[in-house]
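> Protein chains in written order, with numbering that gives the first Met the number 0: chain A, 0 to 285; chain B, 0 to 266; chain C, 0 to 376.
No lab work stands behind these hints, which were simulated from the structure alone. Hints are supplied without guarantee of correctness; some may be wrong.
A few chain C residues that face chain A, going by a derived Cβ cut-off under 7 Å, partial list only [to be verified]:
# : residue
1 : 14
2 : 16
3 : 18
4 : 80
5 : 127
6 : 151
Glycine included, every Cβ here is placed at the ideal spot set by N, Cα and C.
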Amino acid sequence: MNKNSKGLQRAMTAPFTVWMAIFIIIPIALVLFYAFTDANGSFTFSNILSIWEYRSTYIVSIELAFVATVICLLLAYPLAYSISRMKARHQQTMVLLVMLPMWMNFLIRTYAWMTILEDTGLINTLVKGFLSLFGYEFEGFAMINTNGAIILGMVYNFLPYMILPIYTVLTKIDHSVIEAARDLGANGLHVFTKVLLPQSVPGIISGITMVFVPAVSTFIISKLLGGGMTYLIGDIIENYFLGNTGEVNYNVGAALSLVLMVLILISMGIMNRFDKDAETSGGGLF
Amino acid sequence: MKYVSRFYNFIVFAFLYSPIVVMIVYSFNGIKSRSVFEGFSLQWYKELFNDAVIMKSLYVSLLIAVLAAVISTVIGTLAAVGINSMKGFRKKLYLSVNNIPMVNPEIVTAVSMMILFVFIISKSNTLEMGFGTLLISHITFCIPYVTLEVLPKIRGMDNNIYNAALDLGCPPAKAFLKVVIPQIKPGIVTGFIMAFTLSLDDFIISYFNSGSTVQTLSVTIFSMTKKPYSPKINALSTLLFVTILILLVSVNLKQMRDDAKKKGAKK
Amino acid sequence: MANNIIDLKKISVAFDGEQILKDMDLTIEDKEFLTLLGPSGCGKTTTLRIIAGFLQPDSGDVIFDGKLINGVPAHKRQVNTIFQRYALFTHLNVFENIAFGLRIQKKKEQEIKETVTEMLSLVNLKGFETRDINTLSGGQQQRVAIARALAVKPRVLLLDEPLGALDLKLRKDMQNELKNIQQRLGITFIYVTHDQEEALSMSDKIVVMNNGVIQQIGTPIDIYNEPENAFVADFIGESNIVDGIMKEDFVCKFSGATFKCLDKGFEKNEPVDVVVRPEDVDVVPIEQGMLKGKVTSVTFKGVHFEIIVDIGGFKWMIQSTDEQFVGDNIGLYIEPDAIHIMKKSEYSGLYGDFSSFSEEFDELSDVNAGTEDADDE
């Protein structure tokens, strides 16, 4: 391609460059700035230090998101695998079925579970009704406003994000690779542990990221299904910025966001290393 | 084994769809209850259409989604072409910046933009949070998806196609419009659709950046969840679900027909 | 019987109602290099997959070393496959790819190391142990695939168009190397290809297939010199195939002239197909010619000229080292041993006329056939 057209192509990035600089780079710089200054704009560590107060909130957020991610992975892999083994025509339909709930508004999806899990909700009403047929009095399960409900909400909302990348990576595995493994004497278990699983690591990693990041930073699921009983880190940040239940303080809010961002960057760094290790296991030269 | 896997698939799909089914059923409930179903009625649908707040926010959501999708598709497509011609550090830098909003938790993207808007507004007297900030924030988080959708299409395009156009006497800008754009059209269309749906579906970014005067549908739904239960939400959800279902199915049917045609032509 | 390693008996397979193999019988001797040759869709790859155990025939028996192995799954057969696009494990390095089967068998580390080293030197890849698969060239990947299959010491190696993805020069080198490896190891190779040259130069025995039916089984020389029908004659090498009549033993008549030949056993005046290879036709001055015709096209091919001659409306192809010119009338001479007589078959009249001949056209149809093949199999 000649020099002229290269110049033209470079010029095409100008709107992007300006836009992203103003609305992505500067805001992040502002988060940094606010995190290290007080209300008068002078430098301070007190915001970052005050985060120590919220350590248990970070831990609970990570715990719940971790459990939800693991459940998603365990639920998603077998489904993704069985879809990837179907006829092409059926695969298309199944993928559509997986994606369809994702197209529903996130809030509505979460809200629907309130209807089901509530003390006077569908499950309890059904169980109570059933037991009363036999003369039992039943108080009903306490489901809503528990950590279990929050995890369920996370799993429900983010499960498709785990299924799709794993499915994609599984369909990309050349079927003859599996045949080659069988041909060399591998039974079903061997094929899974030695070929399928290692080759699907990239899909698993991107699935984990796509589930863990929104789960760990959510505030809606905890609000709707946790009933405000469990505060997650997203709830705290929301409060500092919008002040629904407390004082507005952008500086502490920025510090909390910064720490959340760094935590996620670190965990993604670890994940990507894991991915690389898997790809060159056995000590490749490159 | 086959039955085990079928049963398993059924269970997972039942899990994915049960809340939706419950919602649809209760949207036709004759009484205002989340547990008891009594008589079929369309009263919640009637109330829904008479609810000015919901209708207004639906209009805002659609308008924002269309504008954000158009603008982010233009910026993102141009950026993809430029990024594709880059090499080395510069390319890495641009791709990393592009990735920031996708990797960052949405809430962090939302509050970081909010800080910027509040900062600018505090320096001026006339500006305020509202439609403008909402649109800017939506464009911002849509751009990266468009770029990433278009980029592989450009990479997969034969560079000589563009050169051939120049060779035949077409000026660069015209060659871009007449030759490159049609080649990468599928990527642009997917990018546009993604931007549109992401914008329509978004809650977190809108929640922090819309101010108090303008509300998207998501924000309205959120405020409804905090009020006493109203089956209007169910009615609204049902309508949204049916709309999406019809759209998706018709797109897919069209695709299947096209595939079948292609196959037919080949034989 | 004792040294037959594989017996296929009355194998039939159909996909989606389309018959791929029809009552196929095939016996494969131990330690031979056998090639399944045919155009795409002829059933050759299907045959291979049945032997490998990836596919169950609808009916018929697969017998391995005297034992019925119909239901035995792929991973329990002493048969290994080289796949079309190699099917290497990209998450493992070269060493681990080759060691894969041995690790499954839970061999000792020392033994694994020895075997892998031995295999790497067999395929000339010493020093590549720790290389990442993605950094290897096509030819190198091919060698790793061969080493991986041979490491588990199969009795039979199945090769599914293994050289298809390589360029011409490399393909010739690998042909020699494969043949060498086969002879050195003394195991059976079953090789699938649609490339007749490859088949002729490597095989001990060739099985020509079309539409799921074996057309001919024989040595490369038999197949070339004594094709069974017009399909085989056309598929292997270039052939002029004309309608003829067997006047009596050793005498036949075609293109308006009577010729001596070496064939017998036909009925008197039986209609037959006559095959004459282009290189067996000599150009002579017109008055000495057994056949006379007009040159319609001349192409220089390096070793020889390819000349199309119109004889009574039928276009003959002749290969000659002497240049001829379009428009010239020339005479043709054919030795009795250059004439091969075949019984009429379903393929009579379909092949062997060069009037619509165009190499480019041939290649085009090959490419199309190739993509369809990939869809089906």
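> Under the criterion of a CB-CB separation shorter than 7 Å, is residue 16 of chain C in contact with chain A as hinted?
Violated, about 16 Å.
> Less than 7 Å between beta-carbons is the criterion; does residue 80 of chain C satisfy it with respect to chain A?
holds, 5 Å
> Would you check whether residue 14 of chain C satisfies its interface hint, that is, whether its CB is within less than 7 Å of any CB in chain A?
violated, 13 Å
> Against chain A, run the beta carbon of residue 151 of chain C and see if the smallest gap drops under 7 Å.
With a closest approach of 6 Å, the residue 151 of chain C hint holds.
> Min Cβ distance, residue 18 of chain C to chain A: is it shorter than 7 Å?
Not OK, violated: residue 18 of chain C not within 7 Å of chain A, min 21 Å.
> Against chain A, run the beta carbon of residue 127 of chain C and see if the smallest gap drops under 7 Å.
violated, 10 Å
Consistency with the previously given hints fails for numbers 1, 2, 3, 5, ordered from lowest to highest.
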